[in-house]
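Participant: Chain by chain, the residues run as shown.
2 protein chains.
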Amino acid sequence: MARWKPNARERLEQAALALFSERGYARTTVGDIASRAGLTERTFFRYFTDKREVLFSGSPVLEKLIADGVADAPPGTAPLEAVTAALGATAPMFEARRSFAKKRRLLIAAHAELGERELIKLASLAAAVAKSLEGRGVAGPAASLVAETGIAIFKSAFERWVADDEQRDLAHHVRASTRDLERITARRRSPWTKSRRSYA
Amino acid sequence: MARWKPNARERLEQAALALFSERGYARTTVGDIASRAGLTERTFFRYFTDKREVLFSGSPVLEKLIADGVADAPPGTAPLEAVTAALGATAPMFEARRSFAKKRRLLIAAHAELGERELIKLASLAAAVAKSLEGRGVAGPAASLVAETGIAIFKSAFERWVADDEQRDLAHHVRASTRDLERITARRRSPWTKSRRSYA
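Those sequence lines, one after another, are chains A and B.
Just so we're aligned, residue 198 is where the first sequence starts under the working numbering, counting upward by one.
Just so we're aligned, residue 198 is where the second sequence starts under the working numbering, counting upward by one.
Worth flagging that the hints you see were computed from the coordinates, not collected in a lab.
The structure displayed is predicted, hence computed values, not measured ones.
Take the hints with a grain of salt, since some may be wrong.
If chains are identical, the list can't say which one is meant, so a pair holds when it fits in one copy or spans any two.
Calculated pairs, DSS-like style, for lysine-lysine (alpha carbon to alpha carbon, straight line, at most 27 Å) [stated by the list, open to error]:
hint	residue 1	residue 2
1	LYS328	LYS248
2	LYS300	LYS328
3	LYS328	LYS318
4	LYS299	LYS328
5	LYS261	LYS328
6	LYS352	LYS261
7	LYS261	LYS299
8	LYS261	LYS300
9	LYS352	LYS328
10	LYS300	LYS318
11	LYS352	LYS300
12	LYS248	LYS299
Work the whole structure out from these sequences, hints included.
Facilitator: Following this line, the structure appears as structure tokens:
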């Protein structure tokens, strides 16, 4: 146990997900997770503040990636374009953990306390994106509206990505959700009613 | 104290808001609130499960009003149109409590636990709107995207309404935010950068 083990963070995440699925989230302890990963509780707490946080350790990285992407978009890029490009640029990060993302999503859907944490992380992401947009000269109220719209696209794209049997990447689905939003706001007469078109 | 008093719910809400502003949210007890309202703690708990809930007692009413509004929109109404009309139809409810809404908003911004409860209520509202849209024949993924977009409009409109010195109603600001969103998604080249146009 004392020997240094590589990829401790990732192994703890994998162990936690496996145990949450096998025993249930509520019945898994930090000790169980550490033990399954071949590590100590002490090591666990070096990486995570609590059991719940194992599922959210990627959130600050994701937030920084997206906020920086918005800030660094070429001058003159329209605000929503800057946001959707930044969202699409996270695709490799998600692609590397498709299986993790799927399992994580099921757990979040099944446990209210995880769902609440997810809402807080998304609200934090929206605030960070709005701040980046303000840094680009977008006025506060418009920046918030664009940021919240970006989150709506992100959530929609993520659901499509998780469900996509063809395994197209998140950037593909961000573009698809953005096109849908364009159609939605173009006020066409009820384009989805009784349509057979698939939005997956 | 034993005598029946009219408008107990509203008086408890007003007392709570006054005390939260005077003493701070954390230092106000349920006993303080009941006493200020001239009622007993027992009466308080007939209306609210806890201190926090005093600020959210309107949420289920609001959710039902909006979800029913979406469900009852005339056949053929485009999905986002159904949502924005339902949001606008809540204007009288907000107009009746402009001062309450403003104070409530400041408290929520200042206390993380209230902000989290607000996020949960908005997520519940989005789910209810999506369900109403599905009932109208809108496919699941599109229903969620429209519902989340509606919440983005609602948040934006609410902020404008609170800040509006001309006291125009929430329906006015829902229309203004919807127009902004249409402009945003029409991909124009950075319409807000260095613009002097006011979005209030």
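Participant: Now look at each hint and say whether the structure bears it out.
Facilitator: Right, here's what the structure says about each hint:
1. With identical chains, the CA atoms of LYS328 and LYS248 are never at most 27 Å apart, being 30 Å at best within one copy and 32 Å at best between copies.
2. Taking identical chains as interchangeable, the C-alpha atoms of LYS300 and LYS328 lie at most 27 Å apart only when they sit on different chains, with a minimum of 25 Å there against 31 Å within one chain.
3. Taking the shortest Cα distances, LYS328 and LYS318 sit within 27 Å of each other both inside one copy (15 Å) and across copies (24 Å).
4. When the C-alpha separation of LYS299 and LYS328 is checked against a cutoff of 27 Å, the pair qualifies only between copies, where the shortest distance is 23 Å, while the shortest distance within a copy is 30 Å.
5. For a Cα distance limit of 27 Å, the shortest separation of LYS261 from LYS328 inside one copy, 12 Å, qualifies, whereas the shortest one across copies, 33 Å, does not.
6. In the homo-oligomer, the alpha carbons of LYS352 and LYS261 lie at most 27 Å apart both inside one protomer (17 Å) and across protomers (24 Å), since each shortest distance falls under that limit.
7. Only within a single protomer do LYS261 and LYS299 lie at most 27 Å apart by alpha-carbon distance; the minimum there is 22 Å, versus 32 Å between protomers.
8. Taking identical chains as interchangeable, the C-alpha atoms of LYS261 and LYS300 lie at most 27 Å apart only when both belong to the same chain, with a minimum of 23 Å there against 32 Å between chains.
9. Both within a single protomer and between protomers do LYS352 and LYS328 lie at most 27 Å apart by alpha-carbon distance, with minima of 20 Å and 17 Å respectively.
10. Proximity of LYS300 to LYS318 under the C-alpha cut-off of 27 Å is found in both arrangements, the shortest distances being 18 Å within a copy and 25 Å between copies.
11. For a Cα distance limit of 27 Å, the shortest separation of LYS352 from LYS300 inside one copy, 16 Å, qualifies, whereas the shortest one across copies, 31 Å, does not.
12. In the homo-oligomer, the alpha carbons of LYS248 and LYS299 lie at most 27 Å apart inside one protomer (18 Å), although the nearest pairing across protomers, at 37 Å, exceeds that limit.
Consistency note: the structure conflicts with earlier hint 1 alone.
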